[in-house]
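Visitor: Residues per chain, in single letters:
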Amino acid sequence: MSDIEDLYREIILDHYRSPRNAGELETPPATKAEGFNPLCGDEIVVYLILDDAGIITDLKVGGQGCSISQSSASMMSAAVKGKTVEHAREVMKTFKGLMSIAETGAELTEPTPDEIRKLGDLAALRGVVKFPTRIKCATLSWNTLDEALNEAQA
Amino acid sequence: MSDIEDLYREIILDHYRSPRNAGELETPPATKAEGFNPLCGDEIVVYLILDDAGIITDLKVGGQGCSISQSSASMMSAAVKGKTVEHAREVMKTFKGLMSIAETGAELTEPTPDEIRKLGDLAALRGVVKFPTRIKCATLSWNTLDEALNEAQA
Amino acid sequence: MTATATTATTFAALKKDFPILQTQRHGKPLTFLDSAASSQRPTQVLDAMNLAYTTAYANVHRGVYGLAEAATNAYETARLKTARFIGAPDSSEVIFTKNATEALNLVAYSWGRTNLGPGDAIVLTTMEHHANIVPWQMAAAEKGFEIRWIHLGQDGQLDLSTLDRLLDGAKMLSITSMSNVLGTINPLEHLIPAAHAAGALVCVDACQSVPHMPTNVADMGADFVAFSGHKMLGPSGIGVLWGRMELLEAMPPFLGGGGMISNVTIEGFMPDAVPSKFEAGTPPIVEAVGLAAAIDYLEAIGMENIRQHEIELTAYALRKLREELGDNVTIHGPSEPAQRGGVLSIELKDVHAHDVSQILDSHGVAVRPGHHCAKPLMKEMGVNATARASFYLYNDTNDVDTLAAALSDAHSFFAI
Amino acid sequence: MTATATTATTFAALKKDFPILQTQRHGKPLTFLDSAASSQRPTQVLDAMNLAYTTAYANVHRGVYGLAEAATNAYETARLKTARFIGAPDSSEVIFTKNATEALNLVAYSWGRTNLGPGDAIVLTTMEHHANIVPWQMAAAEKGFEIRWIHLGQDGQLDLSTLDRLLDGAKMLSITSMSNVLGTINPLEHLIPAAHAAGALVCVDACQSVPHMPTNVADMGADFVAFSGHKMLGPSGIGVLWGRMELLEAMPPFLGGGGMISNVTIEGFMPDAVPSKFEAGTPPIVEAVGLAAAIDYLEAIGMENIRQHEIELTAYALRKLREELGDNVTIHGPSEPAQRGGVLSIELKDVHAHDVSQILDSHGVAVRPGHHCAKPLMKEMGVNATARASFYLYNDTNDVDTLAAALSDAHSFFAI
Ligand SMILES: Cc1ncc(COP(=O)(O)O)c(C=O)c1O
Ligand SMILES: Cc1ncc(COP(=O)(O)O)c(C=O)c1O
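Protein sequence lines correspond, in order, to chains X, L, P and W.
FYI, my numbering numbers position 154 of the first sequence as 611, with every residue one higher than the one before it.
FYI, my numbering numbers position 51 of the second sequence as 508, with every residue one higher than the one before it.
FYI, my numbering numbers position 56 of the third sequence as 108, with every residue one higher than the one before it.
FYI, my numbering numbers position 70 of the fourth sequence as 122, with every residue one higher than the one before it.
So that you can see chain X by itself, here it is in the shape it has in the complex (with noise of 0.2 Å):
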């Protein structure tokens, strides 16, 4: 498999041409953050209602951009929808693991096959890795969603 392939898998293709949880909530109850990348203009808007317990209730993702970032976008929002936030921190370090992104000030640990196994779609954006450039567009709605959680706890 090519590099390009590898890029483009069909899996990322299906999320980019049919993404999941695209649109808006209304805010409040919402919360909204937007995210931008100034190389490119790809756009994440991420809009999620977060419950007493930290369940993520509902989220939707709205923007525009190329296909690693929407397609980044919809697994990211499939992955963490219904699930509680500490669960989606943890998909976050994952995925940016996948990405050779390191936590601020912490070592770079490379995911396990397990943990990598646990990102379900998530892990077809694996490819991304070989071109330095697109990382942004893969990791854009992740610090989008990073922001909005943040937000939401605050």
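No wet-lab data here; the hints were simulated from the structure.
The reader is advised that the hints may include incorrect statements.
[Stated by the list, open to error] With a straight-line Cα cutoff of 27 Å, these simulated DSS-like cross-link-like pairs (lysine-lysine) come out: (1) LYS540/L to LYS593/L; (2) LYS401/P to LYS517/X; (3) LYS538/L to LYS553/L; (4) LYS401/P to LYS593/X; (5) LYS587/L to LYS80/W; (6) LYS401/P to LYS431/P; (7) LYS133/W to LYS593/X; (8) LYS517/X to LYS431/P.
Please build the complex by placing chains L, P and W with the ligands on the supplied structure of chain X, with the hints as guidance.
Guide: Relative to chain X, chains L, P and W with the ligands alone:
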């Protein structure tokens, strides 16, 4: 003769060690102009008195700097003191021609052997032309004289 | 290389002068189509810089010794050459900066902050590169003057229907000679006299035109002209501001430091004459030598010939892409090749510019996706990003064919 | 070249890495003693730049294709290397400018004009290069703050007897780490805490120290540090500003344009994060690559070793010139080699610096005459010009011997 010996001819060193017409004149009646070489910090101050007939009846030179700027100033003073403004400007033009400098807007005309002979001691500065950065040293006193004359005639 | 190289074959032969164009990407020959962002450079330019570094380098000005004289001479010769290349009446009007952006900031800081205040207005176009917008927005925020905008009209051209109203009372029109997104060549021969008639000065961002067509600032009649060395076969790290001497003399300095003063005391400083006044610190010495070598190279080919070559290549590309991709491709900008530069902003149906560029890269084709530092323009065009292919003298119809084939592949890849 | 090169012979062997040092002047081998103005560079640096231009050049950032990624990577690697070289806690604190002068202007424009006004004061020393005087004078003329001066004291050192009074209420101390005229190394370990205790920030003009001795900005405790690539074996056209992130984040941008924004509309712009915020336009891409190669070269030798070599050479030179010329020579600056850099400002009795330099040139010896862009200092020294000989890692005792012989010749030439 090496370039450097050609540059520092004995007559130049003589003017450098025993500058002619060194000093100041009271202003007024004298006109004063200051010249400045920002590249090396050389300074020339020209004081002169012009009578109604257009004759430079007195002229003194102050300032400090390298052997080329100081000897050139000394030679300049000897060449124009007691002469008419017209004559001074003529010598200036010949001298600048020797330094490969054309009047603004004019073609460069190399001085004829006859003109050079008329320069007297000043002709000894011809070696300077091989050292482009020193041309400014050699012409500094002349540019200052020019300013002083313009002012005296204004 | 001959001075009369005009045919496509002769231009194709230039490629061998550019070592980087012999390299490969993903096992494919490199098809470099991003010269609007920055061009590549021929061996002649690299050799000139190496020669300077290995035989004639020292800090310029102030030195009496041989190397310093040689370096100063090379630097000042570059100024003379640049002046002649753009038809500047006086070589002292050529100021070397680090890039075109610094040149435009110099105008906005030194001329702008001195001459503009509340009640004043300047005119920009929405087609400007950020380098010709942000410096003015910064000055406007500080000094309280108004910025008026000429908007985009039909066929990638400016809408000049309200020009007179916009210019009325304005003190400056700052405008690009050629859009780096659309390729549009603006009608300066009409705009400059109109601005002058209204009492406004004209600053031209000539980044995209100086490398690609003959330039004569005197004929053009502009007051300031800015461009960059790295887009015209020169090295990175050097730009040029040309300005009318009378204006430059009246302007305060911009950067302060060594080389721009005639005297400094603890009480204050006196600026030196133009151009030194605007060249504080150690200038881009060897970069100027490289720029001069680039100018020699361009002049040997002839700017008219380069322009002609790029018109032909653009015409061929517009035809070829349409043939190959039909309605699946949109190319923004003027439809008439002679009215535009060799800059094609491409939109491929259902494929984001970022993905287009990525797929093209796998074919060895280098095009740039994004907003091209022209976000206000992108907004008026109603797009978020385009994939921009841009040509220079070393490109040929083979490059266009490779581009067309790669675009087809990108389209089928995403269109399944 | 080994990492433990410490003996004079090993240093002498470095000369072969510098092609320009193999050249001749007036039939004599070149003795280059003007590195304080600008150094020469080894083949390794030139090769790195050529490699970048011929295999990995494109405009940085924003590009998806291979060349653009490679160029961006090389540029950002240079930032990382520079940050590590100066001990910066965070590589984003390293901003690439065109030279040290732009770096200091950036501080004076962006930090200075935002934070200083009537009633405020900053402290400079009369030992500063014009690059650390004029930008502040320009800002002071505009904003109406006061500039206070630390004057020259004994033995080429600053007079710190009134330091407390000068710092009282001051908002900034901007000071050179090493004088480019006297070689004086200022006691920053004392001055920086004193300034901070008084509530002032500290900006260090490190042009003359970063190339010649170990630098650790974190240990130093400064708030801003500026230096130039061309004085440390790097190319012309690049300088560095390091600043504390907290300060850089709070400062407004300086130059506006592409690359420094996160958004632009016709209503206004939003700046990008540090360091992009301060790097408008196409940066000195290949210059950064050259600087990184220069840093590699310096690190392989070791900055401690370089410092040691220069102390030894300076000690030798002070002794040798005294021996050869006795009272006919005055060398300004600290008498103790360990307290100074390898910069000798020479006055030869009865011979003007300009003439000294000229005669030395005929011996192939390159020294610089003049005020060295430090006119206030020259005034305090009571001289108009000096002939400055300055050393770097490629100089050796042979160079000093040649200098001494040439000075003797200059003296006898004029003293007859
Ligand atoms: C102490 C000092 N500061 C500032 C500068 C200015 O550096 P640049 O000319 O590279 O901007 C120099 C060098 O000339 C210097 O020696
Ligand atoms: C039209 C236009 N203006 C200004 C610039 C800025 O040039 P530089 O990045 O060399 O400062 C560019 C290039 O990016 C451009 O295309």
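Visitor: All the hints need checking, so say for each whether the structure fits it.
Guide: Here is what the structure says about each hint:
no.	hint	result
1	LYS540/L to LYS593/L	24 Å, holds
2	LYS401/P to LYS517/X	26 Å, holds
3	LYS538/L to LYS553/L	18 Å, holds
4	LYS401/P to LYS593/X	24 Å, holds
5	LYS587/L to LYS80/W	18 Å, holds
6	LYS401/P to LYS431/P	18 Å, holds
7	LYS133/W to LYS593/X	23 Å, holds
8	LYS517/X to LYS431/P	25 Å, holds
Violated hints are absent here; each numbered hint is respected by the structure.
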